[in-house]
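A.B. asks: This is what each chain is made of:
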Amino acid sequence: MSAIHLAFTDWVIIAIYFAFVLGIGVYLKRFTRSQEDFFLAGRKNSSWVAGLAFLSANLGALELLGMTGNTYKYGMYVAHFYWIGAVPAMLFLGIYMMPFYYSGRIKSVPGYLKLRFDEKTRVLNGVAFAVMTLLVSGINLYAMALVLHTFLGWNWDVSMWTSAATVAVYVTMSGLMSAIFTEIIQFFLIWSGLFLVSVLGIVEIGGVREVFHRVPAAFGTLWSTSADASLNGMAVTWGGIVLGLGFVLSFGYWTTDFLVVQRAFSAKDLRAARMTPILASFFKMCVPFLVIIPGLIALILSKDPSTGFALLSDGGHINYDSALPLLIVRYYPIGLVGLGITALLAGFMAGQAGNISAFNTVWTYDIYQSVINKKASDKHLLWMGRVATIVGIMMSVGTAYWAKSFPSIMDYMQAIFSWVNAPLFATMLLGMFIRRITPSGAFWGLIAGMGSSVTMFLAVKFAWIDARVITMSGVASDMAANFWRAWWAWLICFVVTIGVSIFTEPKPDSELVGLVKGLTHGEKTDRLPWTKRPEFYAILSAIILVILNIYFW
Amino acid sequence: MDTVKMKPIWYFVGLLLLAMGAVLCFSGIYYFYNPPAWHPILAELHPNIWWGAFMAIGGVIFILANRNRRV
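Here the protein sequences line up with chains A and B, keeping their order.
Be aware that the first sequence starts at 0, since it is given in numbering that gives the first Met the number 0, and climbs by one per residue.
Be aware that the second sequence starts at 0, since it is given in numbering that gives the first Met the number 0, and climbs by one per residue.
Honestly, the hints are just simulated from the structure, not real lab data.
Just to be clear, a hint being listed does not mean it is correct.
[Claimed, not checked] Lysine-lysine pairs mimicking DSBU-like chemistry, simulated, CA-CA at most 35 Å apart: (1) K6(B) x K531(A); (2) K302(A) x K460(A); (3) K302(A) x K72(A); (4) K43(A) x K403(A); (5) K373(A) x K43(A); (6) K531(A) x K119(A); (7) K28(A) x K43(A); (8) K374(A) x K460(A); (9) K378(A) x K6(B); (10) K4(B) x K374(A); (11) K267(A) x K43(A); (12) K374(A) x K43(A); (13) K267(A) x K4(B); (14) K516(A) x K6(B); (15) K403(A) x K302(A); (16) K28(A) x K373(A); (17) K119(A) x K460(A); (18) K267(A) x K516(A); (19) K373(A) x K4(B); (20) K28(A) x K6(B); (21) K6(B) x K267(A); (22) K28(A) x K531(A); (23) K119(A) x K516(A); (24) K43(A) x K4(B); (25) K4(B) x K378(A); (26) K516(A) x K531(A); (27) K72(A) x K460(A); (28) K267(A) x K531(A); (29) K506(A) x K378(A); (30) K43(A) x K378(A); (31) K43(A) x K460(A); (32) K378(A) x K267(A); (33) K374(A) x K28(A); (34) K506(A) x K4(B); (35) K374(A) x K119(A); (36) K6(B) x K72(A).
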């Protein structure tokens with residue numbers, strides 16, 4: 000395929016986006032006066048602002064391209080990532096966990112670990128998160144340059160440095176607030192820029208019913224082929240989906256990853272913070288319309304030679320990520336192509352900004368202030384946050400060039416979340432709900448969980464053991480191995496944390512007020528009308544989730 | 000020190016939708032009368048005209064609803 004040719008109108012659309020994000024950074028700088036403004040957006044956001052940012056922080060372009068390609072490979076099973084693999088965890092965060100996070104007025108997830116356990120657990124998680132965030136940020140930057148080079152023929156260096164410099168400018172000026180503003184703009188751009196791909200695809204195929212009629216039967220269902228791993232393209236059983244994705248990976252990411260949870264911390268009060276993930280869950284359930292439908296449409300078109308549609312191929316390997324860009328070229332006229340490309344650009348850049356704003360917070364509070372300069376003033380921390388932003392961006396660019404030299408590093412990115420987040424979820428769950436869990440238990444549990452996850456990954460990667468040992472089934476895909484490795488890492492952390500806690504000294508109750516169930520008294524919501532209570536919206540969201548799963552069973 | 004409160008994000012969302020929607024809609028009208036050499040599938044539906052108009056109208060609603068708000 001030759002590179003997509005952009006017309007003048009397309010460039011105007013892209014230029015409007017860059018002008019807006021830079022202009023917003025300049026506009027917000029005058030309102031960024033303190034460290035709380037910079038790192039927590041002043042803690043004055045409504046649940047709508049925080050909720051859309053919460054969702055958008057995870058709605059990157061890499062995910063949109065990857066999940067559309069995965070739908071081409073696996074069919075409707077990809078919807079599990081958006082439904083059972085997200086919504087229950089988001090509701091759990093809003094209903095049960097947010098009061099512990101928000102009541103302590105902490106500034107980061109490692110900050111909670113410091114209060115609940117001790118300094119060493121905080122630093123361990125802070126360092127792991129910082130490294131993970133910079134790696135993911137750099138790989139995203141590399142992926143963006145790869146996509147822009149492949150589809151638009153843009154120069155690698157210009158693409159990387161332009162987007163990195165733009166993000167550096169607006170995040171340095173106003174921190175989390177500008178990251179949140181651009182994430183919300185990204186939300187609207189992604190929906191307005193990609194919605195028509197699905198609509199026009201459905202029109203060309205002849206209706207939604209026809210789309211599902213023309214894909215293989217197993218590609219249009221969620222659960223009916225999950226009893227036997229060999230019956231579905233993802234080669235995973237319902238056990239792997241429920242335990243690995245729906246429980247550990249999902250809860251580990253949505254309830255403990257500071258990149259997303261930080262958005263809820265920016266809410267103006269506890270109710271708004273609790274509503275943040277609950278509101279986001281409604282929109283999360285709609286995202287499959289942007290990725291599942293185009294993936295199925297690409298599959299149908301590619302199986303019909305008369306359509307002239309085929310995914311790109313690199314050295315005999317199908318490039319599944321090319322499905323969405325090729326559909327944009329197929330359906331979009333001049334101007335809309337620019338909007339579609341802008342939506343992907345916005346996804347990449349907002350993702351970069353999200354990673355960097357989370358990194359600068361964890362670096363400044365949980366590593367710099369905690370270990371290096373305990374007496375730093377408010378003004379100094381604000382300065383350090385800005386320095387960390389610039390340094391973080393530079394390290395991301397360095398990681399991106401590293402990834403360019405070793406493209407196989409991309410394979411490792413899929414596993415990183417199960418290294419850090421899966422064990423952390425066990426620590427958080429035990430820490431928030433059981434007073435007896437001790438600081439030593441948490442620390443050694445985390446070490447064991449993270450260590451076992453990395454060891455399992457390397458053991459399969461270098462063929463020391465067969466992946467089927469981990470997945471406990473006759474067939475095993477990389478995806479299934481990811482799900483099951485997360486489950487085992489969680490379980491190991493859970494067991495070791497309890498085991499060590501039994502033999503070590505817990506913190507006194509007086510030090511756990513506001514941090515553990517039974518010792519936390521959050522904002523009372525039982526006097527609110529039922530239509531304003533977070534629980535009402537959580538139940539509504541759960542009902543919709545059940546209906547969707549039954550409908551597409 | 001600046002004590003003025005800032006405009007809500009929804010105001011900027013409105014400006015962006017209006018700017019992009021207007022560009023899309025007007026360019027779509029231009030290409031309606033001056034068709035380009037290359038046509039995508041379903042070009043006869045002229046999606047840039049009606050989708051651009053939809054975005055612009057949405058943008059105007061956001062701007063009007065938030066023009067006097069400060070947060």
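A.B. asks: With reference to the structure, classify each hint as holding or not holding.
C.D. replies: For each hint, the structure was consulted:
| no. | hint | in the structure |
| --- | --- | --- |
| 1 | K6(B) x K531(A) | holds (25 Å) |
| 2 | K302(A) x K460(A) | holds (33 Å) |
| 3 | K302(A) x K72(A) | holds (13 Å) |
| 4 | K43(A) x K403(A) | violated (40 Å) |
| 5 | K373(A) x K43(A) | holds (27 Å) |
| 6 | K531(A) x K119(A) | violated (40 Å) |
| 7 | K28(A) x K43(A) | holds (16 Å) |
| 8 | K374(A) x K460(A) | violated (45 Å) |
| 9 | K378(A) x K6(B) | holds (25 Å) |
| 10 | K4(B) x K374(A) | holds (31 Å) |
| 11 | K267(A) x K43(A) | holds (4 Å) |
| 12 | K374(A) x K43(A) | holds (27 Å) |
| 13 | K267(A) x K4(B) | holds (15 Å) |
| 14 | K516(A) x K6(B) | violated (38 Å) |
| 15 | K403(A) x K302(A) | holds (33 Å) |
| 16 | K28(A) x K373(A) | holds (27 Å) |
| 17 | K119(A) x K460(A) | holds (31 Å) |
| 18 | K267(A) x K516(A) | holds (23 Å) |
| 19 | K373(A) x K4(B) | holds (32 Å) |
| 20 | K28(A) x K6(B) | holds (13 Å) |
| 21 | K6(B) x K267(A) | holds (16 Å) |
| 22 | K28(A) x K531(A) | holds (33 Å) |
| 23 | K119(A) x K516(A) | holds (23 Å) |
| 24 | K43(A) x K4(B) | holds (11 Å) |
| 25 | K4(B) x K378(A) | holds (21 Å) |
| 26 | K516(A) x K531(A) | holds (23 Å) |
| 27 | K72(A) x K460(A) | holds (22 Å) |
| 28 | K267(A) x K531(A) | holds (16 Å) |
| 29 | K506(A) x K378(A) | holds (33 Å) |
| 30 | K43(A) x K378(A) | holds (20 Å) |
| 31 | K43(A) x K460(A) | violated (46 Å) |
| 32 | K378(A) x K267(A) | holds (23 Å) |
| 33 | K374(A) x K28(A) | holds (26 Å) |
| 34 | K506(A) x K4(B) | violated (43 Å) |
| 35 | K374(A) x K119(A) | holds (18 Å) |
| 36 | K6(B) x K72(A) | violated (45 Å) |
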